[in-house]
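Chemist: Sequences and hints are given; from them, build the entire structure.
Here the protein sequences line up with chains P and L, keeping their order.
Residue numbers are given in my numbering: position 112 of the first sequence equals residue 273, and the series is strictly consecutive.
Residue numbers are given in my numbering: position 579 of the second sequence equals residue 581, and the series is strictly consecutive.
To be clear, the hints were calculated from the coordinates, so they are not data collected in a lab.
The structure presented is a predicted model; accordingly, all values stated were derived computationally and were not measured.
Warning: the hint list may mix true and false statements.
Unchecked claim - Have a look at the derived ranges for each label pair, beta carbon to beta carbon:
1. P:Ile486 x L:Ile519: 43 to 53 Å
2. P:Asn499 x L:Leu511: 33 to 43 Å
3. L:Ser548 x P:Asn499: 39 to 49 Å
4. P:Gly505 x L:Val321: 19 to 29 Å
5. P:Gln325 x L:Pro748: 42 to 52 Å
6. L:Gly647 x P:Asn318: 49 to 59 Å
7. L:Tyr712 x P:Asp427: 30 to 40 Å
Claimed, not checked - So the derived list for chain P, only partly shown, Cβ under 8 Å to chain L, looks like this:
8. His390
9. Leu394
10. Met480
11. Val491
Here a beta-carbon is modelled for each residue, glycine too, at the ideal position from N, C-alpha and C.
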Amino acid sequence: MRSTTTTTMAVKSKLVSLLFLIATLSSAFAASFSDSDSDSDLVNELVSLRSATESGVIHLDDHGISKFLTSASTPRPYSLLVFFDATQLHSKTELRLQELRREFGVVSASYLANNNGSEGTKLFFCEIEFSKSQSSFQLFGVNALPHIRLVSPFISNLRDESGQMDQSDYSRLAESMAEFVEQRTKLKVGPIQRPPFLSKSQIGVIVSLIVIATPFVIKRILRGETLLHDHRLWLAGAIFVYFFSVAGTMHNIIRKMPMFLQDRNDPNKLVFFYQGSGMQLGAEGFAVGFLYTVVGLLLAFVTNVLVRVKNLNAQRLVMLLALFISFWAVKKVVYLDNWKTGYGIHPYWPSSWR
Amino acid sequence: MAALESPQPAATTTAMRHAFGNVLSVLILVLIGVLAFSIRLFSVIKYESVIHEFDPYFNYRVTQFLSKNGIYEFWNWFDDRTWYPLGRVIGGTVYPGLTLTAGTIWWVLNSLNIPLSVETVCVFTAPVFSAFASWATYLLTKEVKGSGAGLAAAVLLAMVPSYISRSVAGSYDNEAVAIFALIFTFYLYIKTLNTGSLFYATLNALAYFYMVCSWGGYTFIINLIPMHVLLCIVTGRYSPRLYIAYAPLVVLGTLLAALVPVVGFNAVLTSEHFASFLVFIIIHVVALVYYIKGILTPKMFKVAVTLVVSIGMVVCFIVVAILVALVASSPTGGWSGRSLSLLDPTYASKYIPIIASVSEHQPPTWPSYFMDINVLAFLVPAGIIACFSPLSDSSSFVVLYIVMSVYFSGVMVRLMLVLAPAACIMSGIALSQAFDVFTGSIKYQLGGSSNSTDNAEDTNNAPKDDASAGKTDKGEEIVKERSSKKGKKKEREPADKPSVKSKAKKKALVLPLETSIVALLLLIMLGAFYVIHCVWAAAEAYSAPSIVLTSQSRDGLHVFDDFRESYAWLSHNTDVDDKVASWWDYGYQTTAMANRTVIVDNNTWNNTHIATVGTAMSSPEKAAWEIFNSLDVKYVLVVFGGLIGYPSDDINKFLWMVRIGGGVFPHIKEADYLRDGQYRIDSEATPTMLNCLMYKLSYYRFVETDGKGYDRVRRTEIGKKHFKLTHFEEVFTSHHWMVRIYKLKPARNRIRGRAKKLKSKTTSSGWSSKSEKKNPWV
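Modeler: Here is the structure:
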């Protein structure tokens, strides 16, 4: 079957949008008189604010917004990329706010690291927190998260949504965000620099620990008394890998499948089983993986452990239980498989029997 | 085929029973072979004796060439019909095992005056080798857990759906012979490990050589065996037998592997093979330690061990450092993309769309396991536990085999094929043990001396088995499966539990009678379900040749033979040197059936070339025409399923063309073809999508069929219904519109001013090729 895989037009689940109460826009736009001096003052202030943060993301509040955006006259000497955050929504994992915020920081840090000098003052990364600056959210007309907005130098009406980052622009996280920025601002973000998984000193410590431990480990191996000589450990490991694989966990990791979905028709109901054989949900995989594994474990228990039990009635009881569970598990998997794939597996009888 | 065990001289009855058991085993093995062969004939019976799918067409073409021109011509064959204008050196880039095997079979049959066509030999190679594979499984499992488990495993493997999917008659692909080679290599390794015989070690290297010739999956062997050796060493199981099993394999095997042109120096230069060399060094260090331990007193040894270990460590560190330096010097760390995506499963989807796009490289979901190994998925854990009680060198190997293969199968659905033999072995062991315990309990409690019961069972068995041979398929399999379990039990008792003490112990280990009977019945039901599933899978799911399609509807059977119709059209109506462009899926078929030169084919060795075709398909008509014209293409072939509802057509594969094209030529952006992240071709589709060549060639004149342009695959009306082609003209559309062939119109005469106008038009429609990386063909 070596051929290109086909794409199905599955409808992607949309992000849950959150409605904010939109009050009337009462704040008036303060007229501002600007000259190059105040421009450079603002830039200097932004730079100093930026240097105070770790990744270069400036935390703005209502006051900051009015100072750097509404009261600064267009064209401003800088663009702002604003990340709209809400701490109270961090618990909603499907919005991925924290992950996106982290990636936003990565882009900001990469931009800073790759652009020294005058280029570095043309774009600033900012964030606004909902609970602290609700009026700014109204100002921008933001009523759904996640929301990332680029405010270019020429935009005077903050409700202008042309600078909004689409879902596809942050789907590939920092890389696609950087592409978006490069497209819109014509500034180079440069290669994304993610913080290394382990810092250099950590690696050094680990390597030295390994080097120190090696002689002891070898000594124990030669004596034959390590954990590795414990059969039960290997057995448990083997069974676990088996469970892990037949549950389709690799699929869930590669495709980043959630554990369950929300029913589109009834938001209170959760969908644990996905119909259609090309996809599966996390909980579904683990459930079936468990059913796959439990039958073999029970069989092994009966043939290896239960035969040694002396009490005949206990044997009988446990065995009946084991048989019942196994039968139920197989039946359940067959049922689920038929339901999920829609195959009608049927025997072939001789035609004279019909 | 069955290696017979030497009869024990204890008593004549025992010897008789033993001999009888051996005869029965051979008979059962023959039946298993027949079963393995015949279950794969559904494709011939339901369709016809035809080569299947994509890759087999290439193998068939190579075999034809081999049988016509001989082996030396084959080694030097430069194929100019494919990858135009680059061509391909077939002899140096193909795994020759399958081709040489089928070529040899054809040659032997012909010299015996059996005039079979090359195609017939090719069609039936896979079923024949699956019979061999089940016999090899018997041998392997017998080495691990006795012949009873061996027979059970063999019968399971004979009909495991995963293997059937790659070895039905007509599926003439590398895996057909490679799975046999894989199991046989493992068998010889275990055999060497159990006997310590250099003879088997040599055979093992030869079997490995055959495997290297047959399939790229040989890297699985050359990594699994070193891992097992390392495991044995680490858990203190080193023995001279281990050394004999491993050292000759590495030396001879690597030398032999380097003889295969497609592997060549890769056998010593790529990271896939480094594990074996590292373990080779380690095993020598360990062997030295054991040797010194043998010749020194314990006290002296303690002094020596410090010295040896430190020297050994230094050597190891140096070698590791060299390896690390070598690996670090190559950009991918010396690993090929496919291997890397096994270690880091998210690698391919991130970086190599050409690997991620292939349907057999997708990660499987749980129904895939149920489909491909069915109830074996339930039995494997029991088999693993049975292998741990007690743990031997050979049983630890099969445990390692199942663990590695089940993990890899979780990453790539294609590797389910490697998992299948392991699952069969494990399930065979589990079933055998379970039947052993349950029937033992029943026999013990039904009373009487064990000897008389056994004799009674023997006589019961024989007629049952004879009768089953003549019966029809299904009943036969169930009975045979059951009887094979019994046959095994008889053999196991003398082999595994010879001492009186263990027999007495066994008598004490019984389960209640009635629950044992229930358990036995349930196990037999499980086996019956397996048989039903396998027969169904062989008949319905895996027998379709995909070159001829059928569909069952109320008014009878419909046959869609559009592919062969169009390839025949190409071969009859076009010039022999014309170039045909299509997506790479159809390259092998076009060269084999139409005998026309193609631009790309299923041997996806040149990503840029494929990306060029992908770019052309994703470009507007004029740009596409220029790309194709620069490649001397005369005809463009697209596969379209919208009329009859054939889902694996080019429109459904189109996103991959965009992705692969965009990976090399960045002016193609996937986002331009998606509306809000969704791929659609209806009125909501993006203008880029509606104007690209693939859309136009697929849906040209489509509205004339039903007046609305309703696409049955996408279940929607198409977005742009009435349009004309400017640079292409339709020359052929097959009966059910599945294949559409277009001819490139000749270039127009230059008109002043016109070129300029066109240019400005294209740039305004978002076609900004100037600022981006330039397409070399434009």
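Chemist: Are the hints correct? Go through all of them and say.
Modeler: Against the structure, the hints:
At about 18 Å, the beta-carbon gap between P:Ile486 and L:Ile519 misses the expected band of 43 to 53 Å. Look at P:Asn499 against L:Leu511: about 38 Å separates their beta carbons, and that is inside 33 to 43 Å. One distance hint, 39 to 49 Å for the beta-carbon pair L:Ser548 and P:Asn499, is violated here, with the actual separation near 24 Å. The supplied range of 19 to 29 Å is broken by P:Gly505 and L:Val321, whose beta-carbon atoms lie about 57 Å from each other.
Remark: the range hint 42 to 52 Å for P:Gln325 to L:Pro748 is upheld by a beta-carbon distance near 48 Å. With their beta carbons about 50 Å apart, L:Gly647 and P:Asn318 fall inside the hinted range of 49 to 59 Å. In this structure, L:Tyr712 and P:Asp427 meet the distance hint of 30 to 40 Å, their C-beta atoms being roughly 32 Å apart. Interface restraint check: P:His390 against chain L, minimum CB-CB distance 6 Å, threshold 8 Å, status holds.
Violation of the interface hint for P:Leu394 is found here, the shortest Cβ-Cβ separation to chain L being roughly 11 Å, above the 8 Å cut-off. This hint holds: P:Met480 has a C-beta 4 Å from the nearest C-beta of chain L, less than the 8 Å allowed. A distance limit of 8 Å between C-beta atoms decides the matter here; for P:Val491 the minimum to chain L is near 6 Å, and the interface restraint holds.
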